[in-house]
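Chains as they are written, first to last, in the working numbering: chain Z, 1 to 305; chain H, 1001 to 1105.
Certain hints may be false.
[Unchecked claim] Interface residues of chain H toward chain Z, partial, derived using beta-carbon atoms under 10 Å: (1) GLU1039; (2) GLU1050; (3) MET1051; (4) MET1055; (5) SER1074.
[Claimed, not checked] SDA-like mimics (lysine to any residue), calculated; alpha carbons at most 25 Å apart, straight line: (6) LYS47(Z) to THR1052(H); (7) LYS47(Z) to GLU1050(H); (8) LYS1096(H) to GLY261(Z); (9) LYS259(Z) to LEU1101(H); (10) LYS295(Z) to GLU220(Z); (11) LYS295(Z) to HIS200(Z); (12) LYS26(Z) to GLU1050(H); (13) LYS1096(H) to LYS29(Z); (14) LYS29(Z) to LEU1068(H).
Simulated from the structure, these hints should not be mistaken for laboratory data.
Every residue gets a Cβ at the ideal spot worked out from N, C-alpha and C, and that includes glycine.
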Amino acid sequence: MSRDPYDILGVKRDATQKDIQRAFRKLAKKHHPDLNPGDRPSEERFKEISTAYELLSDEQKRARFDRGEIDTEGAEQAPRHYYREYASASRPGGPYHNSASFADFGEAEDPLSAFFSHRVHDDHFHLAGEDRYFSMTVDFLDAVNGAKTQVRLPNGTPLDVQIPAGTHDGQTLRLPGKGGPGMSGGPAGDAFIDVHVKPHRFFQRDGDDIRLDLPISLDEAVLGAKIRVPTPTGAVTLTVPSHSNSGKILRLKGKGVPKRGGGRGDLFVTLKIVLPDKADPRLTAFMKEWAEASKQDPRKGMGLP
Amino acid sequence: MNELEFCLKLKIEVSVLAVWIEQGWLVPDTTGLEQQFREADVARGQLILEMTRDMGVNEAGVDLVMELVDQLHSLRGTMQDLMAAIGQQDEEAQFKILQSLDRHG
């Protein structure tokens, strides 16, 4: 140690013993390595503070130091192992393990919650039941909107399953405690259900959005119209602007699939112009007349002869 | 080491050790005939000693500090396990975790 012990403790040369003690206590509380487990340099700082205090707290040593009879060397302490070296990896089962500060991490149904609460480790002598795996097929709209349904277990007992809104094809649902029973007081296993979502007649899932091909008549396309459109939560009115082409996509905001973090995706409606079921002579006549006047070539630019 | 060796090492009276154990600041291993102390207990005892003797922390203060120190180390252990588990994931998964931490932070 080469620095001046008075400087280290931040006291004046004429400080009283009480002042020195007060200064040391303040610094020691701040820099003790065991009170700063993640701060490596604190060890060096604390050693410096302790050595300085050892010298200055002893009035005789302090006097000799002031007279220049001894220097700061020689007061070196034996190598020291701080508690933090032993405790840095405190794990469940250790005598000083205390999970009070994080046992509530993770949602109850979150697989991580077991990791934080460590209830798994507390069940040394209790065998947890086996996990069971099932698969089920659900309707498109039940998966989008959520639904309550049942699966029948191999032994015939029905199991209530809540399908969360927004479930997607191939998703696995976990039903905690619905697997095999535990042994000698152990917890039951979990049931895992693979969900297959049936395709819908006209809705198509695209992540959190839904796509829909919507047929419209020629006059609705040309003149524009207010039309009824099916959505997963019921029909709504959609305004088709006049002069809308086939393939035009209109967005119905928030009419898609509920998202996990709240909110919903959108419904994208693709317009498909549909001619009348039977040829209409009046339409045919009008088209002949119109085509002569319009001279439109929609394939212009495709390099056709 | 046994009770006597422990007290010799820390230069404390047996009665002082009795208080520490009674307070729950030290939990010796009692699976054998005689209670045994580990190196970790010595280091722990040193901390207790420094607080009571040098830093002027009273009994209630030590009680509080030890409780929080134990919580802190348990939290650090859990955090280390979590970091190690994240470290074993592929880069994409790690990136996603970082992204989601950014969002929360």
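To see whether the hints hold, each was checked on the structure:
no., hint, verdict
1, GLU1039, "holds, 7 Å"
2, GLU1050, "holds, 7 Å"
3, MET1051, "holds, 8 Å"
4, MET1055, "holds, 5 Å"
5, SER1074, "holds, 5 Å"
6, LYS47(Z) to THR1052(H), "holds, 18 Å"
7, LYS47(Z) to GLU1050(H), "holds, 13 Å"
8, LYS1096(H) to GLY261(Z), "holds, 16 Å"
9, LYS259(Z) to LEU1101(H), "holds, 20 Å"
10, LYS295(Z) to GLU220(Z), "holds, 23 Å"
11, LYS295(Z) to HIS200(Z), "violated, 41 Å"
12, LYS26(Z) to GLU1050(H), "holds, 13 Å"
13, LYS1096(H) to LYS29(Z), "violated, 39 Å"
14, LYS29(Z) to LEU1068(H), "holds, 14 Å"
Hint check: violations occur at hints 11 and 13; the rest are consistent with the structure.
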